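Residue numbers (the working numbering), protein chains in the order written: chain A, 266 to 470; chain B, 266 to 470; chain C, 266 to 470; chain D, 266 to 470.
Simulated from the structure, these hints should not be mistaken for lab results.
Warning: the hint list may mix true and false statements.
The list cannot tell twin chains apart, which means a pair is met if one copy fits it or any two copies do.
[Unchecked claim] Here are the simulated EDC-like pairs of lysine to aspartate or glutamate, each with C-alpha atoms no more than 20 Å apart in a straight line:
#, residue 1, residue 2
1, Lys276, Asp324
2, Lys276, Glu325
3, Lys334, Glu303
4, Lys276, Asp319
Remember, it's a predicted structure, so these values are computed and weren't measured experimentally.
4 protein chains.
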Amino acid sequence: MKALFLNCSLKNSNEPSNTDALYKEAESIFHEEGVESETIRAADYNISYGISEDEGEGDEWPIIFEKVKAADIVIIGTPLWLGEKSSVATLVIERLYGGSGITNEKGQSVYYNKVGGVVITGNEDGAKNAARSILYAFSHIGFTVPPNVDTYWVGEAGPGASYIEANGHKNDFSVGHAKTMAHNLIHFANMFQKHAIPAEGNTME
Amino acid sequence: MKALFLNCSLKNSNEPSNTDALYKEAESIFHEEGVESETIRAADYNISYGISEDEGEGDEWPIIFEKVKAADIVIIGTPLWLGEKSSVATLVIERLYGGSGITNEKGQSVYYNKVGGVVITGNEDGAKNAARSILYAFSHIGFTVPPNVDTYWVGEAGPGASYIEANGHKNDFSVGHAKTMAHNLIHFANMFQKHAIPAEGNTME
Amino acid sequence: MKALFLNCSLKNSNEPSNTDALYKEAESIFHEEGVESETIRAADYNISYGISEDEGEGDEWPIIFEKVKAADIVIIGTPLWLGEKSSVATLVIERLYGGSGITNEKGQSVYYNKVGGVVITGNEDGAKNAARSILYAFSHIGFTVPPNVDTYWVGEAGPGASYIEANGHKNDFSVGHAKTMAHNLIHFANMFQKHAIPAEGNTME
Amino acid sequence: MKALFLNCSLKNSNEPSNTDALYKEAESIFHEEGVESETIRAADYNISYGISEDEGEGDEWPIIFEKVKAADIVIIGTPLWLGEKSSVATLVIERLYGGSGITNEKGQSVYYNKVGGVVITGNEDGAKNAARSILYAFSHIGFTVPPNVDTYWVGEAGPGASYIEANGHKNDFSVGHAKTMAHNLIHFANMFQKHAIPAEGNTME
């Protein structure tokens, strides 16, 4: 079983990410349960604008898309700006949407039998709004959204430290939620490996 | 298997509802597949404001809450005003949230192993925003959100006819989506009847 | 000059309100500047569901609507549930929308030359999302939205104290923002008293 | 008086834009009233990710930012994907936010005395959600949002033609709204040229 964490920080992987740090709490459960986990920093790739699975020359989205197709579990991570998900997260979702017309061997969207979750960090406010946006996108394009897969940390209103500097790992709510998310993602991925969603009423013509 | 449709129109059941009309398309699949379907018009009940499962004297939410607990599938219907779900839908979600601390026999939220969907109609714009809000709430409190459970109809920008008057039943996209939603809700409810979500990592202390 | 604060708490005025407490910071500026300020607890009134300025027998919205029409400044206050504005706030906005077809003596919406702001408190997350919703509604129906009129306080992620108990009045960001909001609302109300928005290109036929 | 239209299509200016086509309706009013109007296609520029006014080598945002600073009226245009504003629009707003700490000669945000509006097109649904997001961002960073500045066109639910192909210019609501927006933006820009927002209670330290 494979989990893919798409970290949509505005920064590339030369810089540390608060969202990565919170994801570690979920990843520890994946490791305990024998789930392979890969983290991608989206900003390391040259992802073109557009609504398709491949925008041609110079577009590195296809590298990421192959990893999405191979994953059972996909988690989108994002920071918060103006109380919303990042531009990079918006771009990643547009590209995922661009691939939603591709079908599996039964004629369902290629995202069927995959499960989605989110990990969100910001210095203050906006996590539920970003979760709402990303989880809806997942469901709209074919992923399943299990219960309690909206992991986040934010601090008190106003400018201030983010997750790492604020010792967010001491926040029982956020850390506990990361672990619940990981367990539920595994439960559902297991369920789909044994009992795929029947191809009845949900195939594309 | 039981499906409960909570229609959050601002009008009570003395008046026809566009959202009811679109729900019929999903309900026809429930009937074909032997799923019992009940429709509740929330505005027929005196639902008190508050965040609990019972706000005491005069509060009729407990009548609805019993039906929610007995259902395998819960679908929230809403009209659109200013591009958002109705005040009645907001109230219903607050009350569902107020009951999310109640647990099943395994110690999970009482909403575990239930699946949620939405049916939305407006004369124009706002359906995805309302779907986003309601489906996120479902997942946040313990429901599962299968793929493609956001059924909606809206017309072209500007004032104009709503679903019934505009012959929305001739819109293949909306009607087809209602049917896909119904099938996926049934698939997942079936799956949970046979294979409940394991009580590991997701119980409340 | 008159400011009207519509507090959309789920509780009536028999109970203290965190949102009222934060509003006091804005109100102190109104008092200093000679602006009359009235607070209405919406839950004290029997507000009917519907999209009109008067839903008939038993509907107490018209009492509030008269106060809105008489005000130069209208501020909506709301708590946060699931990261969104309250059902009471949603209802108040639907009713404000229901009155937006009424015109002033120049044929503009009755809300022209009025300015809007928000005061939001929650124990965690959702303030910007609620502000976004309310401020958009204001602009959509005819109010003006000055800069920096989104006053809020929220605490760190997870269950916890709200504004009063958490000593939110010590949060310089939230308190300072309340004061900036009050000043900008006064500046714009002053401007409109002297220079009303010209009735050109914005009247209703 | 200068109006700047920031078209955040995913496509560069080699391709026609539906949002440009709807903007023409507002622009005709600007021309009539002697307001200079410039259109920028954001995708023509290499805009770096980040929250600052200049991300250094290769970042072409500073070219756009100079135009923003010189404008009295700024209008953001966006297409809709999954019922939300585009990734390009999200990026542009992050960069505008990154410049909000810069002050004018009175110590207010550089965006004070500027007014904002939106033009949105999609084949279906999502316009009000995108408007809500962009107009809130404007107000949060210092712009003023006049009444009725949310111009949009969307078609009936489901796949279908967008503005140009669907003859959206025959939609009286959308076209009329574009003209009202243009008039109100001019009214407010005029007002600010004569009576700037007083620098009281709203300066940055």
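Of all the hints numbered above, which does this structure not satisfy? Sort the numbers upward. none
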